[in-house]
Structures are given as structure tokens and as C-alpha cells.
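*Asks:* Sequence:
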Amino acid sequence: MVLETSALTPQAQLMPDISHAPEPLEAHEESYPGRVSATDPYIDPATATKVRAYAGTTAFIPCIVNNLGQRSVSVSEGDEEIKASGD
1 MVLETSALTP QAQLMPDISH APEPLEAHEE SYPGRVSATD PYIDPATATK
51 VRAYAGTTAF IPCIVNNLGQ RSVSVSEGDE EIKASGD
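Numbering (full-length UniProt numbering), first residue to last: 1 to 87.
No wet-lab data here; the hints were simulated from the structure.
You may find that some hints are simply not true.
Label-pair ranges, simulated between beta-carbon atoms [stated by the list, open to error]:
id, residue 1, residue 2, range
1, K50, Q70, 26 to 32 Å
2, S74, A38, 21 to 27 Å
3, S37, T57, 22 to 28 Å
4, G56, V36, 32 to 38 Å
Idealized CB from N, CA, C, for every residue including glycine.
All chains should be built: construct the whole structure from the sequences, respecting the hints.
*Replies:* Have a look at this one:
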């Protein structure tokens, strides 16, 4: 479908076409057991536990990892623990 951009308002020209966008996934909530360590990396207990994303897109999961130091963190589907490398 081709639209004449001159027929659209400036606001409509800036909005993405979402007519074919998939439905958002249901919010997934998982409680983190809240293991806190004085030396090992751990996810801050104040981290939000709900993330919404469209199916097939990248979901950004903002969180704070304490005691990370110079290590890096990776998370995989189904993980219940932090995997830190660089110790």
C-alpha cells in the first residue's frame, strides 16, 4: 500500500505503520528468589519482574547487577541464575 505523504499530517508521517504488527505477548512475571551476596554478582531485588515484547522481536530487560566488577553477564531462556564470566 502506498500513501501520499502530503495528505498526512506531520504527526501521522512520523508514526510507524503498525497495521500488521503482531499482538503483544502477555506480561511474563517470574519472581527472583532474591539471593544477595557480599561478593558474587546478583540481580538487585528492586528489578522489575514484568517485561512486554512483541513476538519475534528483541526484548530489553533492564536490570541492575550488583558486585559485577569487570565480569560480564549472560542470560539464556530458562535461566534462574546469573552466569558471570571474567572471575
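*Asks:* For every hint, state whether the structure bears it out.
*Replies:* Going through the hints against the structure:
no., hint, in the structure
1, K50 <-> Q70: 26 to 32 Å, "holds, 30 Å"
2, S74 <-> A38: 21 to 27 Å, "holds, 23 Å"
3, S37 <-> T57: 22 to 28 Å, "violated, 33 Å"
4, G56 <-> V36: 32 to 38 Å, "holds, 35 Å"
Checked against the numbered hints listed earlier, the structure breaks hint 3 alone; every other hint is satisfied.
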